[in-house]
Amino acid sequence: MNKGVNKITPYKIFVIVVIAVLAVLFTFPLYWILTGSLKDPIAINAAVPQWWPLEPTLDNYVRLFEKPAFLWLMNTVFMAVMSMILTCITAALAGYALAKKRFIGQTLVFSLFVCAMALPKQVVLIPLLKEMAFLGLHDTIWAVILPTVGWPFGVFLMKQFSETIPSELLEAARIDGAGELKTFLTVVLPIIKPGIGALAIFTFITSWNEYFLQLIMLNSQEVLTISLGIAKLQAEMASDFGLIMAGAALAAVPIITVFLMFQKYFTQGITMGAVKG
Amino acid sequence: MDMKKVHKRSKALVIRETVVSYIFLAPALFFFLGFVIVPMGMCLVTSFFNYTMTDFTFIGFDNYIRMFQDEVFLKALVNTFIIVGVSVPAVVIFSLWVGASIYKMKAFTRSFYRCIFYLPVVTGTVAVTVVWKWMFNKYTGLFNHVLLGAGIIDERINWLGDERFALACIILILFTTSIGQPIVLYIAALGNVDTSLLEAAEVDGATKLQTFWRITWPSIMPTTLYVLVITMINSFQCYALIQLLTSGGPNNATQTIMYYIYYQAFRLYDYGYGNAMGIFLAIIIAILSAIQFKVTNSGKVD
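So the protein sequences, as listed, match chains A and B.
Numbering of the first sequence is given in the working numbering, commencing with residue 2 and proceeding in unit increments.
Numbering of the second sequence is given in the working numbering, commencing with residue -3 and proceeding in unit increments.
So that you can see chain B by itself, here it is in the shape it has in the complex (with noise of 0.2 Å):
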């Protein structure tokens, strides 16, 4: 904070508006400290640990070493990066072509399709998750029915328990309720593009191409770094689809690093280990977002 500004006031003031804020702050931290912090710090210590239902001894780093001689979290990890891998670039691409293409509709559509592309996250996991369960469903589900009718597919497939489909679904179904927000933010920040820039390149002969990549992009690109960050932390926590729809199954094939941290820590008691893959997972997360937001705002041109 602003040191001279703190000096030009008297030290009773400055005490004074401390103790004020505090008593302000107060009920705020006092949620975030005991249930955000302290399990945070829990899950950092415990990671150090044996951790089970019966014993509790420090082993250093050893499960973050077994982490990496451990075939089905690697391969957890490795389905984890195809599902970030596919998910964010084309939640990031497709919702800035929706929300550029619908931000100059007229007011009461543009809200309309807002609304439409938002229900999958309204819906609520659950609910969509089951009804994609049913469609996806080998003889009752709606996929089976309409591709074999129209000859793209000659046998019936079951999506989920295939372990050539079984992500690919898992990722489909993330995309659709992971849209939703950045299509908002996206309409907003276009809505704030400075117009007298947009007209000023037009009448310069600027096509729309180089209008949008000189001007609109770089306005929007805090836009870009936020959507890209929460995508990115929602398709590396991606659980509930995985524990509702496969169990992690075919094979493995659809484990992720977040169930599988839940199969070590509540199907075998492992917490130690579940906690060391989490905060492995955290630094992982750390790093990209540091990386991303290193890399836009080199972009940008100030």
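Bound conformation, chain A alone (with noise of 0.2 Å):
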């Protein structure tokens, strides 16, 4: 039999092109925010879709920033941060306790978690909001940051990357007399930076991108974020695609120059987190 590996056959030459047709496809409604975001009205709206802006123009933005655009934008920064750091921390520090530690009511604490991740976690929202009208948090960025460092996901994942621990390190720096704190920061944390970076890139982009929560938690026109702010300029001004796009643009651009970036860490994360534990 011939060792076709470099072999060129009918059958590789279709996927590529499949494949690429496909890439052009999925990138395309990108391509459509970015240039739709420099269309003029006329442009926008005419009847034969011009591919490329003829006549490029930043109106839309301009007018878009008209709107507190630059609020919604940083709120969903300071949002996305604080998630960010406060599930780093909480859950670099559980994944360590539940990979590393025996203790009493470990398998029912790490059940909990697990069970909890596979529940639809939008369908408690409704008492969510309630709890965050009770203790006076509703209408600010905290009813979104506290229920999105809560998910269980991180500390599963942190879970697993404190699995790669060598106990006889953790067992040295014991002998050593270096106590728990001291263990954690100096033992543990070098080994399980990576682990972290993966998820902090995770956890910014989920909370970025969570519509819902937001949608639920948020109303007043101070805390509102980037995703709101265009939904409410779609239902404001539905037919005013540029000033969309714009927006869109706005939402879209900063969180996937953030994906390029540490898109290497950001696929560590999701595939480590799928592994079975």
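The reader is advised that the hints may include incorrect statements.
To be verified - Only pairs whose alpha carbons sit at most 30 Å apart, straight line, appear in this in silico DSSO-like list of lysine-lysine:
| # | chain 1 | residue 1 | chain 2 | residue 2 |
| --- | --- | --- | --- | --- |
| 1 | B | K100 | A | K265 |
| 2 | B | K100 | A | K8 |
| 3 | B | K134 | B | K71 |
| 4 | B | K100 | B | K7 |
| 5 | A | K194 | B | K102 |
| 6 | A | K233 | A | K68 |
| 7 | A | K131 | B | K71 |
Claimed, not checked - Some, not all, of what chain B presents toward chain A, calculated at C-beta under 7 Å:
| # | residue |
| --- | --- |
| 8 | S17 |
| 9 | F20 |
| 10 | L21 |
| 11 | V32 |
| 12 | V118 |
| 13 | V124 |
| 14 | T136 |
| 15 | F139 |
| 16 | A184 |
| 17 | G187 |
| 18 | N188 |
| 19 | Q233 |
| 20 | I281 |
| 21 | S285 |
| 22 | A286 |
| 23 | Q288 |
Worth flagging that the hints you see were computed from the coordinates, not collected in a lab.
Note that this is a predicted model, so its numbers are computed, not measured.
Using N, Cα and C, we set each Cβ at its ideal position, and we do this for glycine too.
Both chains are given apart, each in its own frame, so use the hints to dock them into the complex.
Below you can see the structure in the form of structure tokens.
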């Protein structure tokens, strides 16, 4: 039999062509957002679409920033950064304990985390809203941050990473007389650093794009996120597609940039999270 | 946990370890119990109440009974199952095919395509949705223009406003935003398949298809299970697309359970009924996850 690893077969050509065409189709919505944001109303509403903006204009962005778009962006950054920091700290500590310590109630705690992850999280939003109202946090960014931090995916992911810590290292640190906190900071942390990187980027991106939670929790103009801002623009001026595309670009470009910069960690994060624990 | 190990160590040590462990766990448990477990409990409890802005009385299973007499709910249930039934198999098959096609490519090409297919996920639901809404627009949208030009349709179609097409449009968008993660997972899983087994099969003269079914498919089964479950949960929870594109219309053609829950809770302020539907949805998801787990596990050759 021909050892045809590099042999060009019709099927291989078919695959290359189809994947390339699909790649174009999957990139197209983003392309259409970016070019659409640069089109004037005539080009936007043209019956024959302009595949490329013939007379590009920044007018849509000027109009966008007359709205509180900058504030929306800052709110979103604050929300994503705080969710990221808190998730990383809580998950790193908990993941280490679950992976490397033996304690009473361990199975129960871990099962709770895993079972909760299999539940539809959007289902609990009604009681969560009531709870936030009770705590006086409704309509503040914290009402979005706290449930994001509570979601157990991070703990699960950090447990996976912490499993790779050699127990001998922990033992050695104990023999050297290092306390628990010192062991965590000097032995554990350096080893799980890539995991924390993966979790940080993962949390940042999911928090940025978690529309539903934001929609339920945030109402006032001063606390809107960029996603909510665009949704509002769309509800108020449904046919002003130029302005809406500028908003979509403002929401998408920063997060795509972050993703492309850290995509290696990100990919590692979702892959590790899927491994059975 | 392993009881033997515990017995071997002194009791004081176990207690010390337990205290230390819970100190490490405390921050995570605080957020988890406070903002995941407590609302879940509240959700379950209030589903047995007539719970509105003014009323809070225990009514047993009435909310659950009412569900099955509610035509809109039943319509939403059917639509939700259509969405799940179409999108889950489509996502699994498609992402496996794409993953299998690109995992052997050069590192750069592989990573390039992985990013491309992940783009709709990263771009964010709202940004993706508004651009699709424009593309589906009857007068200025790209779809009508391209399809008219290609002679596939002879008149402009109001895609999202037409009962025949609206749900299909939603499923298409959901599909593009759902395959990113499965593709990444499949690329990683396929890269981990034992190459010595694959080579042995090739030496034995197995065809590509045989090799795939006998060796690759069982090896990536855990990934398939994970992909099935996450895609199913996401499809069952389809809400943002509906809210941004059709508001459940036209004539409830795109009504889903998740959308109807929030319509009942935040438009009609019927929290108890909304929560009961939420619990019902959670139970369906739990049962289907368990079935998938059983089926995929029993299919495995150990």
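Here's how the hints hold up against the structure:
no.: 1; hint: B:K100 with A:K265; result: holds (18 Å)
no.: 2; hint: B:K100 with A:K8; result: holds (14 Å)
no.: 3; hint: B:K134 with B:K71; result: holds (26 Å)
no.: 4; hint: B:K100 with B:K7; result: violated (54 Å)
no.: 5; hint: A:K194 with B:K102; result: holds (28 Å)
no.: 6; hint: A:K233 with A:K68; result: holds (11 Å)
no.: 7; hint: A:K131 with B:K71; result: holds (28 Å)
no.: 8; hint: S17; result: holds (4 Å)
no.: 9; hint: F20; result: holds (4 Å)
no.: 10; hint: L21; result: holds (5 Å)
no.: 11; hint: V32; result: holds (5 Å)
no.: 12; hint: V118; result: holds (4 Å)
no.: 13; hint: V124; result: holds (6 Å)
no.: 14; hint: T136; result: holds (5 Å)
no.: 15; hint: F139; result: violated (10 Å)
no.: 16; hint: A184; result: holds (4 Å)
no.: 17; hint: G187; result: violated (10 Å)
no.: 18; hint: N188; result: violated (10 Å)
no.: 19; hint: Q233; result: holds (5 Å)
no.: 20; hint: I281; result: holds (6 Å)
no.: 21; hint: S285; result: holds (6 Å)
no.: 22; hint: A286; result: violated (9 Å)
no.: 23; hint: Q288; result: violated (11 Å)
In summary, the numbered hints that this structure violates are 4, 15, 17, 18, 22, 23.
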